[in-house]
Amino acid sequence: MVDGVLNGIPLHWYLLVASALFCIGLYGVLGRKNAIAMLMGVELMLNAVNINLVAFWRYIRPDDSAGLAFVVFVFVVAAAEAAVGLALIISVYRNLKNVDPDSLDQMKF
Amino acid sequence: MTLHQILFIVISIAVLASAVFVVTTRNLFHAALMLILSFFGVAGFYVLLEAGFFAVAQVLVYIGAISILFIFAVMLTRGMMGMPRNNSQAQGAALVAAAIFVGMAFVLGPLAATVQVPFLPNSSPREIGGIPWAYSTLPVVPDQYVFDLGRALTEPSRFALPFELASVLILLAMVGSIWVARERRPAEVQAERVEAANAAAEDTKLEEALERGSVSSAPEPAVAVAAADHH
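Just so you know, the sequences run in chain order A and B.
The numbering of the first sequence is this note's numbering, which starts it at -9 and goes up by one.
The numbering of the second sequence is this note's numbering, which starts it at 38 and goes up by one.
Be aware that one or more of the hints could be misleading.
[Claimed, not checked] Below are the DMTMM-like pairs computed for lysine to aspartate or glutamate, each with C-alpha atoms no more than 20 angstroms apart in a straight line: (1) A:Lys23 to A:Asp90; (2) A:Lys23 to A:Asp95; (3) A:Lys98 to B:Asp240; (4) A:Lys87 to B:Glu220; (5) A:Lys87 to B:Asp240; (6) A:Lys23 to A:Asp92; (7) A:Lys23 to A:Glu71; (8) B:Lys242 to B:Glu232; (9) A:Lys98 to B:Glu244.
These aren't lab readings, by the way, just hints derived from the structure by calculation.
Note that the coordinates shown come from a computational prediction; the quantities given were computed from them, not determined experimentally.
Working from the sequences, and respecting the hints, build out all of it.
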């Protein structure tokens, strides 16, 4: 790697794509009506974070595996979040026949 | 333009286009398939970044497990396919997302500028957003980084504790999601309904009692205030 350019690709290309992916995911989380689509947005955001972590690891500290360890933990948390979130959505759908978070206000006091 | 640059641009377009499709399509099944394409593109990024282990992990975990979970969830909630695509705050959400992207691009813009700051050995200095850092010129040895990662994850002075906590987290998440999403027998549901009705009846009884007792219990705070004044 010569002067921060790996195989002709500078770091900020990755960062730009990751930030675009993050913002698309953010729009999905905030703007979608279906809870499953919102969870898809969360997965996109986590993927953008992972791209950033691996890119920084490769360009800045390839001799230190801390960045990669964080990627492993993001994988684990993403899997746990998807499992619990989708189980909740399926349970809510089974009981209320609805997956719109706006109308799930039974716990409102 | 080198082969790597062309690959990067193709993968970027695939990832971003499929991500946009995921957040805009009405059919959630198509959204899940496009999510898989997006995950594949991210795995391609990992290959370009010389982290092949993570490309494989991405395919196994995200495509093999999480996407399948999403497809199952979409199919189990088929009745919701016809619901509106966006909620009432979608336009504001688009504005917020665009604003955040513009902000991040603004921060990333000066990245190309070189600033001479000695930072680390074997490196050439740069800065981003006013924070100096340095690119490493070290190569990545294939396989060696996976060994190093494995050692770091099991070394007590590094990530052994977070690693064990992550194991506990995912175990709890699995058990919890099985418990939450379990299919209950009608008798069980009936028993729970009766229990809930009894609890509601208890609540109303309690409320009535409170209302009746409120007249007698009202002076208490006044007494407390008087006592406080006295001191």
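Right, here's what the structure says about each hint:
1. With a C-alpha separation of about 6 angstroms, the suggested pair Lys23 of chain A and Asp90 of chain A falls inside the 20 angstroms cut-off, and the hint holds.
2. Restraint check for Lys23 of chain A and Asp95 of chain A: the C-alpha separation of about 15 angstroms stays at or below 20 angstroms, so the hint holds.
3. Distance restraint check for Lys98 of chain A and Asp240 of chain B: the Cα-Cα separation of roughly 17 angstroms lies within the 20 angstroms cut-off, and the hinted pair is therefore satisfied.
4. Among the hinted pairs, Lys87 of chain A with Glu220 of chain B is consistent with the structure: their alpha-carbon atoms are about 15 angstroms apart, no more than 20 angstroms.
5. Restraint check: the Cα-Cα separation between Lys87 of chain A and Asp240 of chain B comes to about 27 angstroms, which exceeds 20 angstroms; the hinted pair is violated.
6. For the given pair, Lys23 of chain A sits about 8 angstroms from Asp92 of chain A by alpha-carbon distance, which is consistent with the 20 angstroms threshold.
7. Distance restraint check for Lys23 of chain A and Glu71 of chain A: the Cα-Cα separation of roughly 19 angstroms lies within the 20 angstroms cut-off, and the hinted pair is therefore satisfied.
8. Proposed proximity of Lys242 of chain B and Glu232 of chain B is supported: the alpha carbons are some 15 angstroms apart, at most 20 angstroms.
9. With a C-alpha separation of about 18 angstroms, the suggested pair Lys98 of chain A and Glu244 of chain B falls inside the 20 angstroms cut-off, and the hint holds.
Hint check: a violation occurs at hint 5 only; the rest are consistent with the structure.
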